[in-house]
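Enquirer: Residue strings, one per chain:
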Amino acid sequence: MNVVRRNLGRAIGPALFLAAAVLVILMPRFMGEFRLLQFTLVAIYAIALIGLNILTGYSGQISLGHGAFVGVGAYTAALLSLGRPGLEALQLDPPSWMPLGDGMRPIFTIPIAALVTGLFGLLIGVPALRLGGISLALATLAIAVSFPIVMKRFAEVTGGGGGINLNLPETPFGWDISTRHWLFYEAWVTAGIVFLAGWLLTRGRIGRAWRAIRDGEVAAVSSGVNPALYKTFAFGVSAAFAGAAGALLAIETAYVNPDTFPVGISILLLASAVIGGLGSLAGAIFGALLYVFLPIYAQKPPIFSFEFADQAPGVVFGVFLIVIMLLLPGGIAHFFRALVVAARTGRFRRRSRTSELA
Amino acid sequence: MKKLLLALLGVGAALTVALPGAFARTEATQAPDAVPGITKNSIVIGGTFPLSGIASLYAPIPRGMEAYFNYVNARRDKKTGQRGIYGRKIVWKYYDDGYNPGQTVQLTNKLILDDKVFATVGSLGTEPVLAVRPLHKKLKVPQVLVSTGASYWGLQYKEYPWTSGWQTDYVAEGRVYARWILQNAASSKIGVFFQNDDYGKDYLRGLKQGLGSRRSLIVSELSYELSDSSYASQLSRLRQSGADTLVLFTTPTPTARAIGTAKAVGWNPKQIVINSVSATDQVMAGAARAAGQAYVNGAISTGYLKNNTNPKYRTDGAIKAYRRIMGKYGPDGININNTFYYYGVAKAYDFVKLMYLAGKNPTRAKLMAATAKMNWVNPYALKGVRIKTSRTDRFPIDQGKVVRYNDGSWTEISALYKGR
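So the protein sequences, as listed, match chains X and R.
Heads up: the first sequence begins at 0 in numbering that gives the first Met the number 0, then just goes up one per residue.
Heads up: the second sequence begins at 0 in numbering that gives the first Met the number 0, then just goes up one per residue.
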């Protein structure tokens, strides 16, 4: 009996992953174009949130700058997919030292954007070593605040406030599926890869080291973990995932603009990661669902009285955040995990081990 | 473990069967002659507006439009005797993009794909409209009467034949300020404060074009970002540059803040020039609260619509109609004097005219053709202003007057000019 239970417990993760994969594959059958677009965005933001979750949920470092990482990825993808000729056609004048190429298929820009953003994240990670807790949050916030300004400053490359219009997405390789479906599968396959990468990273030695640092740096050091190495690495991985999300976002919307990545995006990402559940990869999916759907559902103006409706989407999101944190301090993912545990043991634990981070 | 493997295999087999079907195209198949958004008794249209966030001062615009559409749906047309437009009621859907172009893309997709609108009407903001202009072109959906005065809409109609503008463009308006300064204060030293994007730069370009060889009158030009929390450093530097004329190419909320900051850093420019987008009663009231009524009195701007709060227009037919429509069809408990409701009503009037011009059986192509054949008087615009386009002129409104602010309202002080 016990053996069966243990094996069931082990199978539950892969089984859920497979179930989710089947669901994703079948989804386009039952959905209109706009729903599909929303679920494409869910995949994209899930990727960014997995990145943020690795940083905050696993290695215990708070980032309020992930919107900027997403932005770096988006601009990288935009510049590379257009290439130098494409940018010059838009009357931009990128300096000659930039390796922009002659334009490439958007899908190939995703890994490159991840790499570029990952390197950027490593750079940020180095000074972040000296900062912890609230100081690190503020330092990353500074990155988020300055990102749009920097993008506007270098208008000869980025198009300034007007942004860059990419070529509208098309199904590549002459495949006979609609572009909307192509974007959907492209995003979800990337999300699947990122999810598996995240899972492999967090389950083994590296994940153990991250958790050790999160739960007590001194204890981690005394057990032979090098915090500098692992913290910087967490920043790099986290940024790389956000960069991949940014590339997908640029491909999907076919437009990048500094004001698409305001500081609010970074804060909303962190809020979604917390609501979804820190320290859980599945939590990223819940967070992304909220990120995409809640603002739209909060949208049907006029809601309540007229003055109130002006700020309603933000207010509804905020109220929701507070309610969830009160009811489910560990986020949605922990709630489901606690349900599973409760089904097995008959005891329901409201708090998760990572909830104090929130 | 064996059971798990078996289960995995089963799922894999199921997937292989399901996959080909899942990849099938599901694009909606429509009757060939059906026009999206048009039925026998309705026209569905939509738009995106900043109802929240940095530009939420514009939030009344879609609600003013809504009031006017409700009025059109309820009244009987004198010629046809039918309610709505040829018996079709206007269904108006608008969403809050928070002035974030990323949101605009998502919500415009929602309007086109999900709500299946006939056209988007009056969507607001240069960057948000730029963000979805290629989308309209690709899907051949009209994007008409956009609420931004960037010169793109009037100039690039060949590249983007599915997009049309409405109000006077910023470049032309910038030239009008240059002309006014040269005529009335030719020895002034100009300090420009502008928003660092296409909006502010369009205006600045117009001003410089208008000054021509006297461009050196501009002694300093400084910009701000929407995310800036203080303008003190820019305005101190403008003051130190010796400028005596403050030209503001700024959006509404920053305008009031900039004037407050100018006063706070101890600068008393002889003349303040405010671009027409921001020259509203609400902004001026805010600026007067921050800097004092005397400080903002005498400010110069331009206008193409009647100023609905000016006592001069109290008995004007159009203003009376506006008050009646907002009172009956507008949201409850609003400030009817807010110029942005008036702007919305004026724009909605032109959309209804456009739909009539597109005919009894409108199509998307007919609507776009109509945007190149506009020629009428909008009663909400200044007397003499003609809403007029042609195959080669795609600036519907390109006339206006210079106006001066005094104690709560704007007064026209010039003859009608033509910007283009």
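It is worth saying that the hints were derived from the structure and are not from the lab.
Worth double-checking, as some hints may not be accurate.
Claimed, not checked - Ranges between beta-carbon positions, derived for each pair:
1) M26(X) / S232(R): 27 to 35 Å
2) T362(R) / F292(X): 51 to 59 Å
3) N166(X) / R313(R): 49 to 57 Å
4) P310(R) / R152(X): 43 to 51 Å
5) R348(X) / T38(R): 27 to 35 Å
Glycine included, each C-beta is placed from N, C-alpha and C at the ideal position.
Enquirer: Does each hint hold? Answer for all of them.
Expert: These are the hints, each one checked on the structure:
1. M26(X) / S232(R): 27 to 35 Å: Violated: the Cβ-Cβ distance is about 51 Å, outside 27 to 35 Å.
2. T362(R) / F292(X): 51 to 59 Å: violated, 34 Å
3. N166(X) / R313(R): 49 to 57 Å: holds, 54 Å
4. P310(R) / R152(X): 43 to 51 Å: Roughly 46 Å apart at Cβ, these two residues keep to the hinted range, so it holds.
5. R348(X) / T38(R): 27 to 35 Å: violated, 55 Å
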